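Number of protein chains: 2
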Amino acid sequence: MTDFILHERLARGSADLGRHGICRVMLKNQAHFPWILLVPEVAAEVKDLHQLSEEDYLIVCASIRYFSQWMEDHLPIEKINVAAIGNQVPQLHIHIVGRRHDDIAWPGVVWSCNEKQSYADDEWILLQEKLRAAINGNTSC
Amino acid sequence: MTDFILHERLARGSADLGRHGICRVMLKNQAHFPWILLVPEVAAEVKDLHQLSEEDYLIVCASIRYFSQWMEDHLPIEKINVAAIGNQVPQLHIHIVGRRHDDIAWPGVVWSCNEKQSYADDEWILLQEKLRAAINGNTSC
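Residue numbers (this note's numbering), protein chains in the order written: chain A, 1 to 141; chain B, 1 to 141.
Be aware that one or more of the hints could be misleading.
Any copy, or any two copies together, can satisfy a pair, since identical chains are not distinguished.
[Unchecked claim] Here are the simulated EDC-like pairs of lysine to aspartate or glutamate, each with C-alpha atoms no more than 16 Å apart in a straight line:
| # | residue 1 | residue 2 |
| --- | --- | --- |
| 1 | Lys47 | Asp73 |
| 2 | Lys130 | Glu72 |
| 3 | Lys79 | Asp16 |
| 4 | Lys79 | Glu115 |
| 5 | Lys130 | Asp16 |
| 6 | Lys130 | Glu41 |
| 7 | Lys79 | Asp102 |
Simulated from the structure, these hints should not be mistaken for laboratory data.
Here the structure is a predicted model, which means the values were calculated and not measured.
Turn these sequences into a full structure, and let the hints guide you.
Structure, rendered in structure tokens:
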């Protein structure tokens, strides 16, 4: 989509790491939980997942599965929460969030947790590098 | 799966309306939001969406799309929230929740909303009938 513009509330506080399938892949700078946002680069009127074309829906579902598996394989997490909500930011986006039984919001959901913490600089850079490698299909690092 | 047993916390307060693809389809008796639960009838060790086999994953994704579209077409809602969380009930289940700007939890998420309200009896029966028809592929009613 040439007219795609990432919503400023999705861009804020996140790193834009590349593209997978038809999605922009963002990493939130929230040290409490590893948190990926997938933002399909589609027309603004597509606000809910099922409104994607069947082809785009399958591509997005494949990306959700890919990054969920990556998170399970590469990060010290115990559970993955996946959601498309969009009540506050209308641009379609999917959350993939790694959870642990000892995280600050457990067993609640992250969307009602107001505790924010940025990563330490070196952790933040390393996590971005790992995820960028996954986006590029090199998950060995 | 012959050894599938629906978790009692998913069964409680919901109507078990049938099967679509590989999922049990449940309707929560929560009048504040139309709320479908899809429960894939898979082995208990599959706790997150991406842990489904590729084939099962696609079947479940198709059911999510089908019931989301049904909700948009047949119920007075403005937005759909879709999520696989499972922090409190370990059995894999997917929430499909219809939202309105004037609902009790808007714009927050339903999972941190403690307000419960059962449907009036006639509403509850009618909604079950409508959804049962959708499960059986007859979405005209």
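Original post:
Does the structure break any of the earlier hints, and which numbers would those be?
Top reply: 3, 4 and 6
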